[in-house]
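Starting from the known structure of chain X, fit chains A, U and D onto it as the hints suggest.
Chains as they are written, first to last, in full-length UniProt numbering: chain X, 1 to 367; chain A, 1 to 367; chain U, 1 to 367; chain D, 1 to 367.
Hint data in this document are derived by calculation from the structure and do not stem from the laboratory.
Keep in mind that this is a model prediction, so the values were computed, not measured.
You can take every hint at face value.
Restraint-style ranges between C-beta atoms, simulated for each label pair:
{"hint": "1", "chain 1": "A", "residue 1": "159", "chain 2": "U", "residue 2": "4", "range": "43 to 49 Å"}
{"hint": "2", "chain 1": "U", "residue 1": "174", "chain 2": "D", "residue 2": "41", "range": "54 to 60 Å"}
{"hint": "3", "chain 1": "A", "residue 1": "184", "chain 2": "X", "residue 2": "120", "range": "47 to 53 Å"}
In silico DSSO-like links for lysine-lysine, alpha-carbon gap of 27 Å or less:
{"hint": "4", "chain 1": "U", "residue 1": "95", "chain 2": "D", "residue 2": "10"}
{"hint": "5", "chain 1": "D", "residue 1": "17", "chain 2": "U", "residue 2": "10"}
{"hint": "6", "chain 1": "U", "residue 1": "31", "chain 2": "D", "residue 2": "10"}
{"hint": "7", "chain 1": "A", "residue 1": "95", "chain 2": "A", "residue 2": "17"}
{"hint": "8", "chain 1": "X", "residue 1": "17", "chain 2": "D", "residue 2": "17"}
{"hint": "9", "chain 1": "A", "residue 1": "31", "chain 2": "X", "residue 2": "31"}
{"hint": "10", "chain 1": "D", "residue 1": "10", "chain 2": "U", "residue 2": "347"}
{"hint": "11", "chain 1": "A", "residue 1": "17", "chain 2": "X", "residue 2": "10"}
Where is the CB? At the ideal position from N, CA and C, for every residue including glycine.
The lines below spell out each chain.
4 protein chains.
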Amino acid sequence: MAKSKYEYVKEFETDDKMLRNVYVLVRIDGKGFHKFSQTHNFAKPNDVRGISLMNHAARCVMHELDDIVIAFGESDEYSFLFRKSTDLYQRRESKIVSTVVSLFTSAYVYYWNDYFTELKRPLYPPVFDGRAVLYPSEVEVKDYFAWRQADTHINNLFNTSFWALVEEGGLTPKAAEARLCGTDSKDKNEMLFTEFNTNYSKLPAMYRKGSVLLREQIPKDADKDAIIPTLPETLPGSKSAKVTPAPDTATITLKNGPDSISEPVSEAPSGQTTPVTVVNPVVSQDAVMQERINNSSSSEDKKRSIDANEAEQQDAEGEPVAKKDVPAFKRMKKGVVIDHIDIIGEKFWTGRGAYILAPEKKKKLHS
Amino acid sequence: MAKSKYEYVKEFETDDKMLRNVYVLVRIDGKGFHKFSQTHNFAKPNDVRGISLMNHAARCVMHELDDIVIAFGESDEYSFLFRKSTDLYQRRESKIVSTVVSLFTSAYVYYWNDYFTELKRPLYPPVFDGRAVLYPSEVEVKDYFAWRQADTHINNLFNTSFWALVEEGGLTPKAAEARLCGTDSKDKNEMLFTEFNTNYSKLPAMYRKGSVLLREQIPKDADKDAIIPTLPETLPGSKSAKVTPAPDTATITLKNGPDSISEPVSEAPSGQTTPVTVVNPVVSQDAVMQERINNSSSSEDKKRSIDANEAEQQDAEGEPVAKKDVPAFKRMKKGVVIDHIDIIGEKFWTGRGAYILAPEKKKKLHS
Amino acid sequence: MAKSKYEYVKEFETDDKMLRNVYVLVRIDGKGFHKFSQTHNFAKPNDVRGISLMNHAARCVMHELDDIVIAFGESDEYSFLFRKSTDLYQRRESKIVSTVVSLFTSAYVYYWNDYFTELKRPLYPPVFDGRAVLYPSEVEVKDYFAWRQADTHINNLFNTSFWALVEEGGLTPKAAEARLCGTDSKDKNEMLFTEFNTNYSKLPAMYRKGSVLLREQIPKDADKDAIIPTLPETLPGSKSAKVTPAPDTATITLKNGPDSISEPVSEAPSGQTTPVTVVNPVVSQDAVMQERINNSSSSEDKKRSIDANEAEQQDAEGEPVAKKDVPAFKRMKKGVVIDHIDIIGEKFWTGRGAYILAPEKKKKLHS
Amino acid sequence: MAKSKYEYVKEFETDDKMLRNVYVLVRIDGKGFHKFSQTHNFAKPNDVRGISLMNHAARCVMHELDDIVIAFGESDEYSFLFRKSTDLYQRRESKIVSTVVSLFTSAYVYYWNDYFTELKRPLYPPVFDGRAVLYPSEVEVKDYFAWRQADTHINNLFNTSFWALVEEGGLTPKAAEARLCGTDSKDKNEMLFTEFNTNYSKLPAMYRKGSVLLREQIPKDADKDAIIPTLPETLPGSKSAKVTPAPDTATITLKNGPDSISEPVSEAPSGQTTPVTVVNPVVSQDAVMQERINNSSSSEDKKRSIDANEAEQQDAEGEPVAKKDVPAFKRMKKGVVIDHIDIIGEKFWTGRGAYILAPEKKKKLHS
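Next comes chain X alone, as it looks inside the complex (with noise of 0.2 Å):
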């Protein structure tokens, strides 16, 4: 059986890498998303349960892949970028797109269980869709983010508004469409606080700004990289090799263990994490919507905002907090951090998004 008589058909691959020292952005995008978060009846406007666990699969995503510096999501899409020098897999395209959607696709399904937790597992496989868009300039870059955020408000303030007046207001789906046509922000905003006593500014920052998810440093006696096992690669110690099925009835204390801080907050060691509130991973709507109404504004205020959503990922991963209290991964210089932060603006690309831009060492590329 001559292989080699076959082997032809390789020569039909074509060369799909992109160009070099310009930044790769990858987006993917739900595919079917309007039914996938109806069938399994997501809250209108916003489900938070939803929300984290697209968080959560994108943090593995940046996890595995060093390269990416920042990500965006909201809805059901999220965006990443590359570093300008990314390397990886010699800059094929395929490669890294499908890789991307891959992995995110992945940990969707993986953890869907630790946020939707009366459903072991969704109705049907979710998939995604993802595509590459390369910018050469810093300029692109900062104004993508700020598409992806300014679209972020929109939806959401139309969302709010319609789900307002069709779920609080008793209108038909048409009828609160037909309300809003021809409105601006303004207008949403005054109705939703007449009509429906809501100060949309008041609502959680990651309703209303999307996730993002940047690298910055983490302490070292933080090992909140441990909740995202992905590869063993990273993981050599297998800790995730431990997982057990969680059992139904436990009901999950955390205390402020180790692993209780959802966001490590490096550039503010002074110990501010104690007071984090870490809630069970059987997230109540009411409850997060409550907690962050209080406290979105401080929180936007704060240099790092703290995520009590996100810090119930951690016990998803099942690990007795018993055992947590000798962290595992301190080698982590690095982590990912979550916020809900403004990234239209100079403000955020010269402060805390500053590493992104910063200039790179010149790249040597050899044939």
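Chains A, U and D in isolation, oriented as in the chain X frame:
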């Protein structure tokens, strides 16, 4: 917040539509599956659970994407061939590749526990990557699949010999490799026969020939497709939502009820499927092995081989047989069937595979 | 001065190899030829000098690039079809397109004075652009050329009608356009016949059907190819170096009738081509027109139409007819011949054009 | 004759728009120019006529395509850099590359006789090919041109040494090559000095550094651009139509010294360019050589080097000098000037080349 101000960044997206009227082949590969299979204690040289899960995931892909006419799987890779005239996503490369990869990955994680019943989910999320290759002519398509099946043969013969030497012969991996160095197929066959009493040609075709997914007529009274619930469009009944863990102890005996046939046999309506023994989804590697050895040669002579292992999947979906007397999905005319047959040589392509390369009606193209 | 220090910039070059085993079609177009033809007082609606120069340039391209199997020209555009298996420049798109365009342009300027004898060179350098299109199957190739020839017909019928109205009918261009608005082919044919005593179908085929360049057998004693001296490899004698301006006063003597021997006619053994009559390059537009009208219908019935204008080219190369009794280039087995025949419909593709789509021996591909 | 029936073949054309906001570099190369230069007896190691014709053709390209900001030529190659924001032909790669190549080729043949005055046209049509390369950043652009100029240096030093050994030293080519094998720049410089009394650094900068075309301010009273008549849009007067062969007997009068006024020097208000001295196109290779040797070092210190040969081109266009007191084309604000200066190192890029990399106003992009 002017949306339009940033929207220009969309202009950087490039058109990646693939050439029309050529075959589109998407091949996916497991990333780091050497480690993945070790971590999960896959049986060597072949793990029937792992192969069956791959096949199941591939069937999901074909179930969703009508334009795939044949798929072939071996080890941790799967190849999907789209018909020449497919206009799926206007033939956008990234969209097609990423969708196939995502769907496959999603199904792999989703159905994991149906095959690896002792583990709720893998120890970490598995990842696949993918790429598209265009083939203009029938010759290349045939040679492509011949290439992959020849590869299957070469690898499996080597692996079978290697693991016989290691596990039965007590050699170290290094010694086993040295022993096999420089041997050809004949040498290995003989060694297996004389030293390990193994007639290689009697081993299960699934191991030796890989898995071939075909679109063939399914009898009206079959609801075989019901076993692959994926997107809600195709499965409005959300049957899979009711999935419950398969009882470990059940000895399922499938009558000729609607779901009983793992592979609907439209071409042989004589009811030859009656004696099909459907075993429990908790697969005994040895049992399958034995069964297959007994039957493989004749199975290959039959017009349609029957895959006991696939049959098991049905129950993996967990519906008690008793409930199945009213088939839920009769509307599907063409189903996806699996087999482990020769696809090297003209016999296949003029026989069961004839539909794959059959001339298509001229596709009307409009701008 | 370290060369290597900068050489990394080569890494930014991308691989633009085109898919294998599909037809490569390169089409070139004159840039701003509306103006170019006005500036140079091209005869309306067709200028035999301009068309002949285009044809000559196209022949140079085919003479140089063996893998071109057919070319078709009309107006200021020319299409070149490479055989499926061409490996010219490893099928690099830019290399192929730019070479064809450059060669064509070079020849167009180079041979200008042989056709436009009153001007040493054009009033400014003419420019062409080009692009490659891939066609996987024979059907598309046929339809491509049908598309271009149908276009030729439509344009020429319109232009003939338009200029009849303007030049003979005395209408303004605007009025002529208005008059033709909404008319179909039949209307225009009738108008030409009744108002301008012109039987459109008797006009020269070159105008109505465009020009088709084919590779056909050339008799051993023909030195037709000598008229296209291009690169030194093929023309070590540098015959063209001796080119001298054609004398303005030369009178055209067409021995074999007006349409006489444009091309060696191997398939027409009647000997009508011997001896090769070489006419003067100074073409009288009216003379050609007249002769063509007289002969065009029969010409089309002949197995090979004859192109007086092409014939003239021979002498353009300046060799006195007397010298031709010793053919200089016998080694060329396949020559490039020109005709103005129907390429719409199966007749051509199963007849003279059969070689174009004939199956090729399987191309061996090695990395 | 239904046009629409065939028009679907247009659907096979693919979109080849290049990424936006990156530099587009088009490099063209002579095909088989080793032979071409031998066939036409080019002087070794450098033929001033050949170089000047290349330069002239390159100027035509820049004259036509406004978005080219710099060009660099050496030997039989020329590189053209388009500004980042160019939207020429919507950045379609084939269109841009083929247009540049065609324009260059056309001009090369068109102006041949102005430089090679003893030959009406080359002995056969010369051919160039081309390709586009994208460069995202300024660093790569600088390094690209440094790469080409370093290449010029290396090649020219080798060629100068080689031909000195062969033509003056009487060595066979083989012996000369052996002699140079393993030598570095210093060795060659020394050999030239001690054995052939040649101070390499005093050789004309055009040979040692190649040719740089820049867009610089041209004084109002200069009509230098008139020498490059190309498309009628820019040259409605069709001045070039009146081109007459340059008189062989004209004596060269170089007012401003041998390297004198190749280009109008707006930045040098000393008036040294007035009146523009137009010299004869019949260049004496020796004369130029001699003059250049005498002046080259100082020439490089001058803010603008002067190219006697270029100056000659003016008359090549055939306008009697006397007629030039009334400049015909005053409207051109920016002209194309030529020089032979260092483009390796920051000095150039912060000096005369500063405009090339200057930030552009943000390009508005609309779908």
